[in-house]
Amino acid sequence: MTARTRSSLAVACVAGLSAACVWAGLGGPLRPLLALALVFVLPGAALLLALGVRLAPRDALLASTIASIATTLLAGLAIAGADGGFAGRTVTSVLAAATVALCAMAALRSLSSERTQDRDRPAARAAAGAGAGATAAAAAYGARRMLTAGLYAAAAAVTAAAIFAANRSAVDHARAASARLGARATVTSAGARGPAALEVAKARAQATPSGGVTRGAAP
Amino acid sequence: MTATRSPRHHGRAPLRARGPLAGLYSPSLPDVLGDDGAGTSGRWPAPSAAYALLVAVSLLALAAVDDMARSGAGDAATLFWLPLVVMFAAAAIRLFAREQRLDANERLRILVTLGLGLYVAKVLHSPSEFTFSDELSTLRTTKDLAASGHLLSTNALAKAFALYPGVDLIALTLAQISGLPLFASGLILIGVAKVVVVVALFRIMLAATGATRTASIGVLVYMTNPNFLFFDSQFGYESFALAPALGALALVSLAVPSRRPASRRALTALAALSAVATAPSHHITSYALAIILALWALALRLRNARRADPVSVMPVLAVLAATVTAIAVWLAIVGQSTSEYLQPVLGGAANATFDFLTGAGRGKAPFNAPGSPANAPAEQLLAFGSVLLLLALLAAGLLRLRRERPPTALAGVLTLLAAIYPLSLLLRLTQAGAETSNRASEFVFLGLALVAGGVLSRISPGAGAPADAIASATAPRRRPWPRALATALFAAIMLVLFSGGIVVGWPPSSRIPGRPLLEADPRSVEVYDLAAARWAAAHLPPHSRLVADRENGLLMSAYGNQDPQIGAVQRLPLGAVITSPSFDRTDRAIVAAARLQYIVVDRRLAGHLPAFGVYVDHDEPEAYEHRTPLPASAVTKFAGAAGLRLIYDNGEVSIYAVQTPPAGSATR
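Chain order of the listed sequences is R and A. Heads up: the first sequence begins at 1 in my numbering, then just goes up one per residue. Heads up: the second sequence begins at 1 in my numbering, then just goes up one per residue.
Chain R with its partners taken away, still in its complex shape (with noise of 0.2 Å):
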């Protein structure tokens, strides 16, 4: 099996799981990481994979996210368009079609070339050999890498910790204000309804040089 068929297959599988978990309300706090994936990388892929493009990895990354944004575009314009108008779960169904099939098709040209060629199976042998080398410098290779990937774990936790600390600045001081504004309420009694209960209320208001909040009606 080509290199191309395992992604293939990786890909189809990942957004067929996705999209049934995405459907049946599943994932719990995986659920927006499987939407991320599902409208942000594997449609992409799965285009990129049935052209046959291939590119270095931040061109290939670039292209598939362009071109997932492009294609869930395109699916929710069209779904919008219709007469059933738009639905989040119709766009994912769309998708993960759209992603399994272009899978299939790059599966099995993917194979079909395997038959006729069988060119793969030498780099897959060789690659396999490798493989226990490869574990041994993998450790040491690892543990080079520990540093950096730890100081972008921190830089994450600490951007994170900003946006938490930012977001709950902001609900304080919205808090705060709103008490400021509800110490102040003059509210109409509870059901009241209609243009008396709001003269009322206004003149209430009125009264205190700072105002109130009425629960007024609509007309």
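A portion of the hints provided could be inaccurate.
What the hints assert, rightly or not - Label pairs and their calculated CB-CB ranges:
(1) A:E340 to R:A97: 35 to 43 Å
(2) R:A24 to A:H539: 34 to 42 Å
(3) A:T78 to R:A176: 23 to 31 Å
Calculated from the structure, these hints are not laboratory results. A virtual CB, placed ideally from N, CA and C, is assigned to each residue, including glycine.
Place chain A on chain R using the hints.
Only chain A this time, still in chain R's reference frame:
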């Protein structure tokens, strides 16, 4: 260095090229591994990881500054600059390193980290809800799409937003399938778009210059554009549309030099897909994409006519055809509405500038907003300094390129874009043209990034640095400066461009949170206005026609689900209903003609000047020229007026129902 040493990435030369292109167009070992974890020179941890931590700590400091600002601390406006300067200066110093000391992946990581850091800086400003005006208008369109399931709804305040629903479609898809709130989905979407923009820019600059160092400095110059920090980080259609547009250009830049026909076709198809997605996302961005592609095709044809190694023009032509077709189809779908929206803006800018230049019109005094906190003198100096520096860098680049042709067709096109910069500055001399000039930054800076980046990268090339075409063509040949001095000079120039750009593009009242101000977008979103808007959502029929001041109008639209009316009806400005000292016959005529159902009044309009120059919109009497605040009678005139009934009052904001809304003509 001569043109013969320019890169061959636009020809049919082998892609595994030597020099600056090595490893960029074909997977080298570090590319396949993704990262060697240690940067180019084997140092570990990778410099980008340490830089990421520095950015994170800077953001933590910025969160503290924002908190101080919310508490009313006076120093916050000054302290705001410190974390931004630290993260930008550190990136500039790092990217100024010699080509061989920092590989392409590391440079890209630093740029992406900086791009994301600047985006998070905007998020920290409003971390719990959308507060910028374009965000509120986008939110309204997205909520309409969620409620109706159909496109092309009516957005009374920003008609074009509903006609270009790209950002709404993806944000809503993400929100619905992830279970995240629309606010979080919008933030994630624009964050992803920001990363795509940075990576795509790097790829475009690389294709134009062929050198990673010059390309990375070019991207850094792009980040100094006045809109990068705030405007292009908003949850808005333009912020999003830049991603597919620049993505399409980046993919074309990969397709053009590709030697394998299958690969070229596949990349062209992906680029076309991305370009097609731009058309329903943002009008001007899709038009700019088409223009750049057309110029690129023309430049390639001219280049092919002169050279023995012709380059395939087909990818550019194919994507151009896809873009033009998508624009035409989308314009056919949305009808004349786009031109109705754009014509007054662009036409008004052109007319006002022409009138000013011929002495028939009045100019706009810079840094003059009576109702808003003023820029400090040092900030004003930085703003002028950044403009003058850019003009000088542009002149230096263009003078050099006059003797040596741009090394690539794409470089020629981008240089042409850069040459528009001085013209775009002319628009800033009038009130009507200032916004158009500001909005041109995203595209003009594509060219400035190339030209200014090329000049700046030659401040000190250092011994043994690989040649790159743009740098060699744009800078005088002389002995390199002492390294430390050159780095300090480069960092200083970049900081002036960066901070000056922020001052030019964003008013001081909107840079940090703080005490509420009148009609100042993010600083005006506060509890009284929000309470009134939420009450309206709960108690008033949706899509009711009303008139309100600018901020209450935005909130009534985004959170109240109402349709605030702006502009004029029968040549009478709707804003006069709010600003007039008494509710007279003219006001009643406007209410009748505009078929208004409600009037929203904020008591705080009396006694304060509007920070952004208008109480309602630019059609109101004395728009942008208010020198005295509204009188108290302007906000009390509705009490007891015949035909009006008070239905809501929270002490600051009141809502009056028009009891017998008569039939009348539509507003614009």
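Do the hints match the structure? See the list:
The supplied range of 35 to 43 Å is met by A:E340 and R:A97, whose beta-carbon atoms lie about 39 Å from each other. A C-beta distance of roughly 37 Å is found between R:A24 and A:H539, which places it inside the suggested range of 34 to 42 Å. Remark: the range hint 23 to 31 Å for A:T78 to R:A176 is upheld by a beta-carbon distance near 25 Å.
Of the numbered hints stated above, none is contradicted by the structure.
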